[in-house]
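Undergrad: Sequence:
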Amino acid sequence: MSEKKITKVNPTGASSESNDSWKPTDDNKSKAVTFRVIAGILWAIAIGLEIWAIFKLKTVKEDGMTMLIVLIVGALILAVGGNLLWKKANRLDPASKKDKFKFFIQNQLGAIISAIAFLPLLIMVLMNKDIDGKQKGILGAIAGAALLIGVGTGIDFNPPSVEQYTEETQRVEALTGKDFVYWTKSGKKYHLYNTCGYINSDRTTEIFEGTVGDAKAMKKISELCSRCAGQAEKEKESNMLDLEGDSDEDEELEAAE
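Using the numbering used here, you'd call the opening residue of the sequence shown number 4 and step up by one each time.
Rather than coming from a laboratory, the hints here were simulated on the basis of the structure.
Any given hint could be a false lead.
Capping the alpha-carbon separation at 20 angstroms, the derived lysine to any residue pairs in SDA-like fashion look like this [claimed, not checked]: (1) 192 <-> 177; (2) 239 <-> 183; (3) 239 <-> 227; (4) 132 <-> 114.
Using the sequences and the accompanying hints, generate a full structural model.
TA: Structure representation (structure tokens):
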């Protein structure tokens, strides 16, 4: 296998301590705040464009639909951008499942905002009696598609949580003694060894290294590689047997003395 580029994601240190609840690094927490602020601004502008579009419905016969369609598409682009940034922030700084209401709101806020932005417009289009059937059909389809896309990109079907990060971090620490893993841009799992065949292949040009939290913050990675976990367990068992053997030898020497 060819030599791979190794990229350290978090050179300042681990994001959690053993047996403690997982906590984001100060850098990741700061990034999360920035992403959330930008997402909030994008959502606010998107809602503003939709309000403008609702007012434009009154003059659609005179002014045509072009401006109205531009407003809807522009609002959709902004809403989707906000949704993706918000999800990224949640991976950097996830909520805790202890507060179920907060956990739900934080992880599904993009879908809620998108519904607030596009559902009223869709209702206004369908209920507007001043628009002819053809216009209503076109605008209704566009507004409906925007609603579905906005809500769809805002929903997080597998939201991250502090508890999930804590559990996975502690498992890695139990296997290797430290919170340190490897992953790639295209992979769906993180690894304990950069020599793992699933990660170190001819197609791989770059391997990232860092904590479990770093891996999940950088991309949506599902779980630990089963091959790496199995290898780590075997190595751990082998080390324990070696320690027991050394202990038995020490006892025999003490008895002989």
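Undergrad: Does the structure keep residue 239 and residue 183 at a Cα separation of 20 angstroms or less?
TA: Holds, at about 16 angstroms.
Undergrad: Regarding the pair residue 132 and residue 114, is the alpha-carbon distance no greater than 20 angstroms?
TA: Outside the cut-off at roughly 29 angstroms; violated.
Undergrad: Check whether the Cα positions of residue 192 and residue 177 lie no farther apart than 20 angstroms.
TA: holds (18 angstroms)
Undergrad: Between residue 239 and residue 227, does the CA-CA distance stay at or below 20 angstroms?
TA: holds (17 angstroms)
Hint violations for this structure: number 4 only, all remaining hints satisfied.
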